[in-house]
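Whole structure, please, built from the sequences with the hints as guidance.
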Amino acid sequence: MEFTFENNIPIYIQLLDYMKIYLISGVFKSGEKLPSVREFATTFKVNPNTMQKALSELESMNLIYTERTNGKYVTKDEKIIEKLKDEYAMTLAKSYFQGMKRIGLGKADSIKYLERIKG
Amino acid sequence: MELLEIKSLDKKYGDKYALKDINLKLSGGKIIGLLGKNGAGKTTLIKLINDLLTPTSGEILIKGNKVGVETKKIVSYLPERTYLNKQMKVNEVLSYFEDFYENFDAQKARKLLKDLDLDENQKLSKMSKGMQEKVQLVLVMSRNADLYILDEPLGGVDPATRDYILDTILSNFNENASVIISTHLISDIERILDEVVFIDKGKIVLQSDTDELRKKENASIDEIFRRMFKC
Numbered sequence: 005m006e007f008t009f010e011n012n013i014p015i016y017i018q019l020l021d022y023m024k025i026y027l028i029s030g031v032f033k034s035g036e037k038l039p040s041v042r043e044f045a046t047t048f049k050v051n052p053n054t055m056q057k058a059l060s061e062l063e064s065m066n067l068i069y070t071e072r073t074n075g076k077y078v079t080k081d082e083k084i085i086e087k088l089k090d091e092y093a094m095t096l097a098k099s100y101f102q103g104m105k106r107i108g109l110g111k112a113d114s115i116k117y118l119e120r121i122k123g
Numbered sequence: 057m058e059l060l061e062i063k064s065l066d067k068k069y070g071d072k073y074a075l076k077d078i079n080l081k082l083s084g085g086k087i088i089g090l091l092g093k094n095g096a097g098k099t100t101l102i103k104l105i106n107d108l109l110t111p112t113s114g115e116i117l118i119k120g121n122k123v124g125v126e127t128k129k130i131v132s133y134l135p136e137r138t139y140l141n142k143q144m145k146v147n148e149v150l151s152y153f154e155d156f157y158e159n160f161d162a163q164k165a166r167k168l169l170k171d172l173d174l175d176e177n178q179k180l181s182k183m184s185k186g187m188q189e190k191v192q193l194v195l196v197m198s199r200n201a202d203l204y205i206l207d208e209p210l211g212g213v214d215p216a217t218r219d220y221i222l223d224t225i226l227s228n229f230n231e232n233a234s235v236i237i238s239t240h241l242i243s244d245i246e247r248i249l250d251e252v253v254f255i256d257k258g259k260i261v262l263q264s265d266t267d268e269l270r271k272k273e274n275a276s277i278d279e280i281f282r283r284m285f286k287c
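Protein chains in written order, with our numbering: chain C, 5 to 123; chain L, 57 to 287.
Hints listed in this document are in silico derivations from the structure and should not be mistaken for laboratory results. The model shown is predicted, which means the values in this text are computed figures rather than measured ones. Note that CB positions come from ideal geometry on N, CA and C, so glycine has one too. A few of these clues could be false.
Below, simulated DSBU-like cross-link-like pairs (lysine-lysine); rule was C-alpha separation at most 30 angstroms, straight line [claimed, not checked]:
hint	chain 1	residue 1	chain 2	residue 2
1	L	K93	C	K49
2	L	K167	C	K49
3	C	K49	L	K86
4	C	K87	L	K272
5	C	K83	C	K37
Rough simulated footprint, nothing fancy, chain L against chain C, three-plus residues with beta-carbon under 8 angstroms [as the list claims (entries may be wrong)]:
hint	region
6	11-20
7	52-61
If you want a taste of the chain C side facing chain L, the calculated C-beta under 10 angstroms gives, among others [what the hints assert, rightly or not]:
hint	residue
8	A45
9	T46
10	K49
As C-alpha cells, this is what we get:
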C-alpha cells in the first residue's frame, strides 16, 4: 500500500490517523505486539522520529502501551478501542453532514441520500 | 555533546558579509533542512562546516572538535558540483572511495547502485547528468559517517528517483547520525525533515521542529517559506 501525506498537516497527526484506523479495523488486535518504530517508519516511508512521536501520542491516549524491553503492544482493554471507533465514526458522520449543509441540505435530506446508497 | 555547534560565525567576502552571527546547535539522529533562496548563504555555510572555507570569526565544532582533518573523517559531504574524474568508471570510483575513506561501505554502495540500475562498468562521462548525481549520492550515503551534508541533492533528478533518494536517505541514516539537506525544492523533501533552518541574507531567521511549525502556521513548510520570503 502507498501512503500519502499532505504537507500542510503535521505528519505525525496523519500517521496517528492511519494508526487509529489500523486499531479500529483490527489490523492490530487488542493485546497484539506491534512492529518496531523502525519497521513502521519503513512501511510508511517517514522519518523514524516522526513515527516515534505518533506512537507516543497513541500511548498517551492509552491505545497502546510499552512493555519494558519487549516493545509496544495494543491495549488489552477492548473498551478503549470501541470508544475510539465510536468517536471516529462520529467524526466521519459530522463531516458528512457539514458537507451537505454547505450545499443547502438539512439533516433529513442528508439521511435520504444515505438511504439511496445501495449495499 | 552536540553533534554540530556553530558559535558566532561570520564570513565576509571582501567587506560584504556572506554570513553574519550564525549560531546553531544540532543533535544526532535528525534530518535537518537548510532552506533559503539562491544566494542566502547555504553553500557558504556548508563549505565552512566542511573546512573548505575559513571563517572570518567564530567557530564550528563537530563532536567537540574544531573542523579539520579529524572532522572530515566523520562528515560525508555531497557538494553541489561533482569533483569526480569523469574518465573513471563507476567501479574505479568505488575503489578510490574505499582507499580514501575508512568508513566507506563498498557492499552497500554496490547494492544501491544496483537498485538504481546504474552500471558499474560505465564511465561517468558516458552517463547523463542525473545518473552522475545518483552515483555521487550513493557514494556519499555509503560512508558510515556521523554527519551527512547534502548540498542540493535533488536538483537534476526526476521525481520518481527523488522519492527513491529520499527513501535511501531515510533508511540509511542511523540513530546517531544526522543529515543536513540544503535545498530550495522544499515541497519534495519536507515530509522527511525533523527540523528546518531558514537562512536569509546570511542570517538564520528561523529554526524549528517541522511538525510544530506546520501546526502553528497551519501550512506546509513550502508555503511558510514562500510567505516569508516573498519577492
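Hint check:
| no. | hint | result |
| --- | --- | --- |
| 1 | K93/L <-> K49/C | 28 angstroms, holds |
| 2 | K167/L <-> K49/C | 19 angstroms, holds |
| 3 | K49/C <-> K86/L | 15 angstroms, holds |
| 4 | K87/C <-> K272/L | 29 angstroms, holds |
| 5 | K83/C <-> K37/C | 18 angstroms, holds |
| 6 | 11-20 | holds (count 7) |
| 7 | 52-61 | holds (count 4) |
| 8 | A45 | 7 angstroms, holds |
| 9 | T46 | 6 angstroms, holds |
| 10 | K49 | 6 angstroms, holds |
Checked against the numbered hints listed earlier, the structure breaks none of them; every hint is satisfied.
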